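Colleague: Single-letter residue listing:
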Amino acid sequence: MKRLIAPIAAGATALLAAAPAWAQEAAAAAAPTPDKGDTAWMMISTVLVMAMIVPGLALFYGGLVRTKNMLSVLTQILAVASFAMIIWVIYGYTMAFGDGGNAFIAGFGKAFLAGVTSASTAATFSDGVVIPEYVFIAFQMTFAAITVSLVVGGLVERLKFSALMVFAAVWLTIVYFPIAHMVWAGNGLLFNWSPAALDFAGGTVVHINAGVSALVGALILGPRLGYKKEIMAPHSLTMTLIGTGLLWVGWFGFNAGSALEANGSAALAMVNTFVATAAGVLFWMLTERVLGHKGSLLGACSGAIAGLVAITPAAGNSGPFGAILLGAVAAILCAIFVVNVKPKLALDDSLDAFGIHGIGGIIGSIGTAFTMLPSLGGPGAADYALIPQLGTQVVAVLIAGGWAAVGSAIAFSIAKAVTGLRVAEEVEREGLDLGEHGERAYNY
Amino acid sequence: MKLVIAIIKPFKLDEVREALTEVGVAGMTVSEVKGFGRQKGQTEIYRGAEYSTNMVPKIKVEVVCATDLAPRVVEAIQAAANTGAIGDGKIFVLDVGQAVRIRTGETDHTAL
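Each protein sequence line maps, in turn, to chains A and B.
Residue 1 is where the first sequence starts when you use our numbering, and the numbers rise one by one after that.
Residue 1 is where the second sequence starts when you use our numbering, and the numbers rise one by one after that.
None of these hints come from the bench; they were simulated from the model.
Some hints here could point you the wrong way.
As the list claims (entries may be wrong) - Heads up, simulated EDC-like pairs for lysine to aspartate or glutamate below, C-alpha to C-alpha not over 20 Å straight-line:
1) K90(B) <-> D14(B)
2) K229(A) <-> E44(B)
3) K34(B) <-> D108(B)
4) K294(A) <-> E44(B)
5) K344(A) <-> E230(A)
6) K344(A) <-> E50(B)
7) K40(B) <-> D348(A)
8) K60(B) <-> D14(B)
9) K342(A) <-> E50(B)
10) K228(A) <-> D348(A)
11) K90(B) <-> E106(B)
12) K68(A) <-> E425(A)
13) K68(A) <-> E436(A)
14) K60(B) <-> E75(B)
15) K34(B) <-> E230(A)
16) K228(A) <-> D88(B)
17) K68(A) <-> D383(A)
18) K228(A) <-> D35(A)
19) K2(B) <-> E106(B)
20) K68(A) <-> E230(A)
21) K36(A) <-> E436(A)
22) K229(A) <-> E50(B)
23) K294(A) <-> D68(B)
24) K34(B) <-> E106(B)
25) K416(A) <-> E428(A)
26) K344(A) <-> E44(B)
27) K60(B) <-> E32(B)
28) K229(A) <-> E439(A)
29) K229(A) <-> D35(A)
30) K36(A) <-> E261(A)
31) K34(B) <-> E44(B)
32) K2(B) <-> E44(B)
33) K228(A) <-> E44(B)
34) K90(B) <-> E32(B)
35) K342(A) <-> D68(B)
36) K68(A) <-> E428(A)
What the hints assert, rightly or not - Facing chain B, a subset of chain A residues (Cβ under 8 Å, in silico):
37) S82
38) I231
39) G295
40) L298
Note that the structure is predicted; figures quoted are calculated from it, not measured.
The beta carbon of each residue, even a glycine, is placed where N, CA and C say it ideally should be.
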């Protein structure tokens, strides 16, 4: 999903202004027309990513909380994703992918989508191939919406609804849009690094970013009342499985859509999204066995997400066997962290947003340097150099992680100052469904 | 009249019902209950978080019968609900002072 928005339309406009009439015609003729196949695929990919948020992520996270907080999780995901969409078209898109700007943010010339029409186009990876800019805007909009929704996983069952909304506005502005710009925009910091950071579909922008932010949020918020003392078992692993399935299906749009074209690169990303996830499912369950537990459904679902997260940066930057390797390694390490390490920490990352997205994202981003290797079946050129690329990937992880940590600490502090951040003790005991929304998920 | 209360394993309910029908019991009340005895409960593990649920799901069967039928009712339940494993349950027998059928107003034995 790199090399974005070198807007052909803008280039044509510059020519028009400077040249006589005959040149205008030539420039207009040279502007590429979007291919209908690419456009159709990208529109489908966009709605697939939407299916990941509501209902996918909402049910995945919802099933993992207690009955009394189910409705609050569903509401938080729906509302925060909707909020991100509105902010995206107002000033998010222009901050991430607008014209000009610097290595950290783009210019504000496209605020309120100024100047974008149904004839505007966005560049893809291939020279001369474009897609409608509105499709690109919508596709990227779903990424902003799911990333902020993922953060909810570290904060459920105790965060005020109002605090989440304040956090979302600040966090998208100072964390998500700059990181998306740094990694994916033509003049972004990490895109211009040498060699450029590889992040096919959002390992750093989405998963490390969301995971680290959730970790910071969980630390600032503190653990849930009764954490490690009372039963906090998931209220419906059935829902969690449905959510997992929808996430997996939607992730094909997320990863294969990030090719921005309906081509072989998208096909590779699609195959990788199958096999890395399958490896994640199986290796998480195997890890549970080795750690002395039973292979569980929750483990299988968690492994699927770990595999999906890890393959995200490598989706088009890996061969299928590299993808299996990546899914397996991510599942094993995430499972060890979540099952063995986390219980020893004084950290209540409630639904393991950091344990799976943060750690899986770091493994995927660093692992991408290896999966590119032609000897592992990766798509790297014959002269692909592992060590410099590895260096870049580590730098990208550190910059994204550091930026997310500092930015989200600021965002949570502002939310705390404005709203108090955490619900009252009675509300937490009674459940956020009634306390924050005045309704229950279940009436029977 | 006697009230026989039996706490049994949930999957034994059908066998217990059949055995009691054979003995001549005309009706019973069944509830899903939770509790613990020597079995002490189970452990569930979700992503490494262990929960010992110290209550085990059981079925409570309540039967009111004539005093002379009670020993056979107890015997039937004991035989039908027995697996030989821990947690098979317990049977309690209590005296019943009065029984009334709400529809007809019949009392005691005729009400059963």
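Colleague: Compare the structure with each hint and give your call.
Modeller: Verification of the hints:
Between K90(B) and D14(B) the alpha-carbon distance is near 17 Å, which keeps this suggested pair within the 20 Å criterion. With a CA separation close to 14 Å, the supplied pair K229(A) and E44(B) stays within the 20 Å bound. Pair hint K34(B) plus D108(B) does not hold up; C-alpha atoms about 31 Å apart against a cutoff of 20 Å. Under the criterion of a C-alpha separation no larger than 20 Å, the hint pairing K294(A) with E44(B) is consistent with the structure, at around 10 Å.
Distance check on the hinted pair: K344(A) and E230(A) sit about 16 Å apart at the alpha-carbon level, within 20 Å; holds. Using a Cα cut-off of 20 Å, the hinted pair K344(A) and E50(B) holds, with the two alpha carbons roughly 12 Å apart. For the given pair, K40(B) sits about 28 Å from D348(A) by alpha-carbon distance, which is inconsistent with the 20 Å threshold. Between K60(B) and D14(B) the CA atoms are separated by roughly 13 Å; this keeps the pair inside 20 Å, and the hint holds.
Our distance criterion of 20 Å between C-alpha atoms is met by K342(A) and E50(B), whose separation comes to about 12 Å. Between K228(A) and D348(A) the CA atoms are separated by roughly 9 Å; this keeps the pair inside 20 Å, and the hint holds. For the hint pairing K90(B) with E106(B), the CA-to-CA distance comes to about 31 Å; that exceeds 20 Å, so the pair is violated. Between K68(A) and E425(A), the direct Cα distance comes to roughly 14 Å. Compliance with the 20 Å bound is thereby established for this hinted pair.
For the proposed pair K68(A) and E436(A), the alpha carbon gap of about 11 Å is at most 20 Å, so the pair holds. A hinted pair counts as satisfied when its Cα atoms are at most 20 Å apart, and K60(B) with E75(B) qualifies at roughly 16 Å. Of the supplied pair hints, the one linking K34(B) and E230(A) holds, its CA atoms being roughly 18 Å apart against a limit of 20 Å. Taken as a hint, the K228(A) and D88(B) pair is broken in the structure, with Cα atoms around 31 Å apart against an allowance of 20 Å.
Note on K68(A) and D383(A): the hinted pairing is violated, with a Cα-Cα distance of about 57 Å set against a maximum of 20 Å. The straight-line distance between the Cα atoms of K228(A) and D35(A) is roughly 55 Å, outside the 20 Å bound, and the hint therefore fails. Distance check on the hinted pair: K2(B) and E106(B) sit about 17 Å apart at the alpha-carbon level, within 20 Å; holds. For the hint linking K68(A) to E230(A), the alpha-carbon distance of about 14 Å falls within 20 Å, and the restraint holds.
Taken as a hint, the K36(A) and E436(A) pair is broken in the structure, with Cα atoms around 46 Å apart against an allowance of 20 Å. Taking the CA atoms of K229(A) and E50(B), the gap is near 10 Å; set against the 20 Å cutoff, the hint holds. With a CA separation close to 50 Å, the supplied pair K294(A) and D68(B) exceeds the 20 Å bound. A threshold of 20 Å between alpha carbons decides the hint, and for K34(B) with E106(B) the separation of about 34 Å lies outside it, so the pair is violated.
Distance check on the hinted pair: K416(A) and E428(A) sit about 17 Å apart at the alpha-carbon level, within 20 Å; holds. Between K344(A) and E44(B), the direct Cα distance comes to roughly 18 Å. Compliance with the 20 Å bound is thereby established for this hinted pair. For the proposed pair K60(B) and E32(B), the alpha carbon gap of about 6 Å is at most 20 Å, so the pair holds. For the proposed pair K229(A) and E439(A), the alpha carbon gap of about 27 Å is over 20 Å, so the pair is violated.
About 58 Å separates the Cα atoms of K229(A) and D35(A), which puts this hinted pair outside 20 Å; it is violated. As the CA atoms of K36(A) and E261(A) are separated by approximately 10 Å, the hinted pair is consistent with the 20 Å bound. Between K34(B) and E44(B) the alpha-carbon distance is near 16 Å, which keeps this suggested pair within the 20 Å criterion. A distance of roughly 39 Å separates the Cα atoms of K2(B) and E44(B); the hinted pair therefore is violated under the 20 Å criterion.
Between the alpha carbons of K228(A) and E44(B) the distance comes to roughly 13 Å, so the proposed pair stays at or under 20 Å and holds. At roughly 15 Å between alpha-carbon atoms, K90(B) and E32(B) fall within 20 Å of each other, so this suggested pair holds. For the suggested pair K342(A) and D68(B), the alpha carbons sit about 61 Å apart, so the restraint of at most 20 Å is broken. Distance restraint check for K68(A) and E428(A): the Cα-Cα separation of roughly 9 Å lies within the 20 Å cut-off, and the hinted pair is therefore satisfied.
About 29 Å separates the beta-carbon of S82(A) from the nearest beta-carbon of chain B, more than 8 Å, and the hint is not met. The beta carbon of I231(A) is positioned within 8 Å of a beta carbon in chain B (closest approach about 5 Å), and the interface hint is therefore held. Of the supplied interface hints, the one on G295(A) is violated, with its beta-carbon coming no nearer than about 11 Å to a beta-carbon of chain B, more than 8 Å. The beta carbon of L298(A) comes within 6 Å of a beta carbon in chain B, closer than 8 Å, and the hint placing it at the interface holds.
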